[in-house]
Amino acid sequence: MSVLPYLVAGWIFLVGVYGMATSRDLVHAVGCLSVTQSSTYVLLLAVGYRKGGSAPVFSDIEPGSRPVVDPVVQALALTDVVVGATVTALLLALVVQIAKRHGTTDPDALSELKG
Amino acid sequence: MDRLLPLIVVVPLLGAALLAGAGRRMPRPVAETTGCLCAAASAGLAVAALAGGPHVVWSGDWRPVDGHGVGIVLTGDRTGTGLAALTSLLVVTVLAYAWRYFDEPPRGHAGAFPALILLFQAGMCGFALTGDLFNAFVFFELMGVVGYALTGYRVEEARPVQGALAFGFVNSLGGYATLLGIALLYARTGELGMAQAGRELDAAGRHDALVLASFVLILTGLLVKAAAVPFHFWLPDAHAVAPTPVCMLLSGVMVEMGVYGAARVYVTVFAGPGGVPAEDFRRALTVLGLLTALTGAALCWQQRHLKRLLAFSTVAHTGLFLAGLAALEPEGVTGVFLYVLGHAGAKAALFACTGALLDRYGGVDEHRLHGRAREMRGVGALYAAGGLALAGLPPFGTALGKALAEEQAGWLTALYVVVSAVTGGAVLRAAARVFLGAGPREEDDCGAPETTGDQEEPETDRRVRRLPSLMATVAALLLAGSLAVGLVPALARAAAGAAHAFTDHAGYAATVLDGTHAAPGAGHPYAWWSLTGVGLGLLSALLATGLAALGVRGAVPARRWAAPLRRLHSGHVGDYVAWTAAGIGLLSALVLWPGG
Amino acid sequence: MSRRFRLCVLALGLLAFAALFTAACAELPPFGGDRHPYGDRAVHAALLRHTANTVSAVNFDQRALDTLGEESILFASVLGTVVLLRQTSDEHRTVPKPSPVPDRTRRYGLLALPVTLLIGLYVVAHGQLSPGGGFQGGVVVATAVHLLYIAVDYRALERVRPLGPYEIADAAGEAAYVLTGAGGLLAGAAYLANVLPYGTFNTLSSGGTVPLLNAAVGVEVAAAVVVLLARFLGQALEIEGDEDRGEGKG
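Chains as they are written, first to last, in the working numbering: chain A, 1 to 115; chain B, 1 to 596; chain C, 1 to 250.
Derived from the structure by calculation, the hints contain no laboratory data.
Nothing here was measured: the structure is a model prediction, and the numbers come from that model.
Check before you lean on any hint, since a few could be wrong.
Unchecked claim - DEER-style ranges, computed between Cβ atoms:
no. : chain 1 : residue 1 : chain 2 : residue 2 : range
1   : A       : ASP108    : B       : GLY362    : 51 to 59 angstroms
2   : C       : ARG3      : B       : PRO594    : 47 to 55 angstroms
3   : B       : PRO29     : C       : ALA19     : 54 to 62 angstroms
4   : C       : LEU118    : B       : THR33     : 21 to 29 angstroms
5   : A       : TYR49     : C       : GLU240    : 47 to 55 angstroms
6   : A       : ARG66     : C       : LEU186    : 57 to 65 angstroms
7   : C       : GLU91     : B       : LEU37     : 51 to 59 angstroms
8   : B       : THR532    : C       : LEU186    : 48 to 56 angstroms
9   : A       : TYR49     : B       : GLY362    : 20 to 28 angstroms
10  : A       : ASP108    : B       : ARG372    : 53 to 61 angstroms
11  : A       : PRO63     : C       : VAL160    : 41 to 49 angstroms
12  : A       : SER2      : C       : ARG155    : 53 to 61 angstroms
As the list claims (entries may be wrong) - In silico negatives: residues of chain B with every beta carbon more than 12 angstroms from chain C:
no. : residue
13  : ARG25
14  : GLY60
15  : GLY123
16  : PRO160
17  : SER530
18  : ARG559
Said to hold, decoys possible - Some chain C residues judged to face chain B by a derived CB distance under 8 angstroms, without partners named:
no. : residue
19  : LEU12
20  : ARG41
21  : LEU84
22  : PRO98
23  : VAL101
24  : ASP103
25  : GLY164
26  : ILE168
27  : PRO197
28  : LEU212
Backbone N, C-alpha and C fix where the C-beta goes; we use that ideal spot for every residue, glycine too.
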């Protein structure tokens, strides 16, 4: 199955979106957003994989002696991780304030904005 | 100048670091002056870059060899630098508007608000200038993160935190869809630069599901930012609750960044023979634009919360921008560029006036404020002028842009006239009620799902008795800017040059990768006011006034049929996420629709 | 919108996504394939500049502009959290009571603290050589500081964590990255150009500006995570509403 790793990424995205849309607690929904985001890590790393490839770090292997995986996607994934962590932090900060101002973290109970 | 282009992004970043680091000891006026100076320096750089030819800068001097490289390119073409200049100038006016007026900053962090605004500026300028897909994602997220924080700035109240959270969820989801798309494109082309990826797609020449999926997913995030239906649900929630200076930026430029991004990515990456056929793109953007414009206009008319009303008018106008860009004809694109410029001035001025109402009367509810603002004649005049500008009254820049876009729009001309008339009419109706006390007082209708505007707190320390002259000056200046767009031929000429370069798939790649510069703007004929254009502008302004007159008397029975549409705007994060997912489906269906 | 209707809308969207994505996956190059043009170029370019860890070379040299944006996102989110989790006018601060910590936890925590700190610093310092770098090491360093909270109590953490200097360090890290980039401009090259000597391959001083940018990121991340967690801990332990307003809206 040479496409399985890619399909896994798609599956994680689906699971995360489903969780976010049906969540009954905003903290859980923030978690689901992180799950959704993990699909991007999986896809990036899967795209950059090379069969038999080693880590693209040459402190202990001779350059050119072994195939290495794509370092670019790893750098992108690292950037992506930081983005994810910061978004999670900000959204959780907002949830803390929602819990205080609305007295609940149930999205069904938030009724301030409509129409 | 070429080498200095990154400074447009870097100067605000450095300013933000300075404000955050020294903010503990910095008195408030010093912090605000520093913020203004940094934003102004960046604006100066952007304007200088706009005056010169297209600038292509490879970060870290990693230039490509034979069209392939490892670096990130910043492309300061007319469109990119123009947007950066618009953003920076608007940031300067916003910081002036917020001058000493804004609520007490968090203790020990006098610089936090201007610092966040500077970071916002950096994110938007970076997004406008970058020529690299992943780098665009990074700046997209920077814009987003700062946007959530600024929207939720007034944490003492219940609404801002809810609106900011909806904004955060939907935008982040869109961003991750975009990143999935970028990863798919990378797998096919092995490139992240827009020009490089476009050339690789053309060389491969395979128009298959992979290309389609990466196009749809990348566009998803950008259309979320652009608030296209059905990705738009976050926008009214966020715009209704964000502090007024932030609303001016969100509506004035951030949403337009999404429109720009969608068109730029299509043109540079997917417009060639290996990408997505032009008719598919045209169909998708026309239908989405149509839906967005109609939904925005219908809901704009229904609102009584003045900021939410303006937010829906932004949705409506974004729809018009999308429809205008769909064909990617240079003439229509010129129109949209001018429309965006004129709209930014008018919309920011309207928000500024609404902010003045909020601070004076402690509310932004059309019904509660009925006749109360009679004493604020100046603001009332500005507000009405803003409404007429939205409606497209010549010679505002909105009218010129609308007229030029209409010339290319065919049967969609009616959409432009109706939508601008309805949104302008809604603003004029509110102006007549609030500033003149026209018509009977509306009774509260408890049955309809709606957001009233009487629970808002003023954003100043206390209610202001007299409007600070700076606030009114800023609003007047913004409207003057919108007027200037329609009166200065040099702007129309520059926009025409920008539009020709913007719509040129091969030309962009040649500029970035081969260093061949077409003479900027030279030789392009540019359109100007025509009799039809002026006539259509006058028509929609007249329609808007008529609608406003009817609306004041309560004679437009639009409430019943709009109710189901209003119920969809539930403020529920789960609903919004579901609609975003459905939007991915809608977008793919539109692109795949047979018969193109 | 009813839950049922939401599920219908969602199902439509998810089905469309699944179909689109699966069709795309079928066209992707097979997993583990050998064609990675950008990656090969990146490895080549990293070795030319004597950077053994090619991921760091991509992050801090070839695509250093991405990292500038990413660092700014982190910086913005810290600033945003400071604003969002501030003490509002209807709240006051209490002094959290110390709570007893089991002896084993205390011993383990105090033992792990210096080791964690050292590992964090090592990971930051060797970013251009071995896996790791400013981001990863910075987070480990910040974790080490918080072991004090687990092993002793909140007051012990507060003593080693005066927020002012950390906030300044956070801003200084951001400024250092921005200014190192501007060094390229001053040297007559492009912004973020690697203008320092590349040094000897596989030594601490190799890579030109890579170790400098890496260190700037390390400082910023460590400080940012400390400030970020401090804001959340402050909300959890110190800040309380003036009166019971659990149900109050606004």
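Now the hints, each set against the structure:
{"no.": "1", "hint": "A/ASP108 <-> B/GLY362: 51 to 59 angstroms", "result": "violated, 30 angstroms"}
{"no.": "2", "hint": "C/ARG3 <-> B/PRO594: 47 to 55 angstroms", "result": "violated, 34 angstroms"}
{"no.": "3", "hint": "B/PRO29 <-> C/ALA19: 54 to 62 angstroms", "result": "holds, 58 angstroms"}
{"no.": "4", "hint": "C/LEU118 <-> B/THR33: 21 to 29 angstroms", "result": "violated, 44 angstroms"}
{"no.": "5", "hint": "A/TYR49 <-> C/GLU240: 47 to 55 angstroms", "result": "holds, 51 angstroms"}
{"no.": "6", "hint": "A/ARG66 <-> C/LEU186: 57 to 65 angstroms", "result": "violated, 40 angstroms"}
{"no.": "7", "hint": "C/GLU91 <-> B/LEU37: 51 to 59 angstroms", "result": "violated, 34 angstroms"}
{"no.": "8", "hint": "B/THR532 <-> C/LEU186: 48 to 56 angstroms", "result": "holds, 55 angstroms"}
{"no.": "9", "hint": "A/TYR49 <-> B/GLY362: 20 to 28 angstroms", "result": "violated, 59 angstroms"}
{"no.": "10", "hint": "A/ASP108 <-> B/ARG372: 53 to 61 angstroms", "result": "violated, 36 angstroms"}
{"no.": "11", "hint": "A/PRO63 <-> C/VAL160: 41 to 49 angstroms", "result": "holds, 43 angstroms"}
{"no.": "12", "hint": "A/SER2 <-> C/ARG155: 53 to 61 angstroms", "result": "holds, 56 angstroms"}
{"no.": "13", "hint": "ARG25", "result": "violated, 10 angstroms"}
{"no.": "14", "hint": "GLY60", "result": "violated, 4 angstroms"}
{"no.": "15", "hint": "GLY123", "result": "violated, 8 angstroms"}
{"no.": "16", "hint": "PRO160", "result": "violated, 10 angstroms"}
{"no.": "17", "hint": "SER530", "result": "holds, 43 angstroms"}
{"no.": "18", "hint": "ARG559", "result": "holds, 19 angstroms"}
{"no.": "19", "hint": "LEU12", "result": "holds, 5 angstroms"}
{"no.": "20", "hint": "ARG41", "result": "holds, 5 angstroms"}
{"no.": "21", "hint": "LEU84", "result": "holds, 6 angstroms"}
{"no.": "22", "hint": "PRO98", "result": "violated, 26 angstroms"}
{"no.": "23", "hint": "VAL101", "result": "violated, 31 angstroms"}
{"no.": "24", "hint": "ASP103", "result": "violated, 38 angstroms"}
{"no.": "25", "hint": "GLY164", "result": "holds, 6 angstroms"}
{"no.": "26", "hint": "ILE168", "result": "holds, 5 angstroms"}
{"no.": "27", "hint": "PRO197", "result": "violated, 16 angstroms"}
{"no.": "28", "hint": "LEU212", "result": "violated, 13 angstroms"}
Checked against the numbered hints above, the structure violates hints 1, 2, 4, 6, 7, 9, 10, 13, 14, 15, 16, 22, 23, 24, 27 and 28; every other hint is satisfied.
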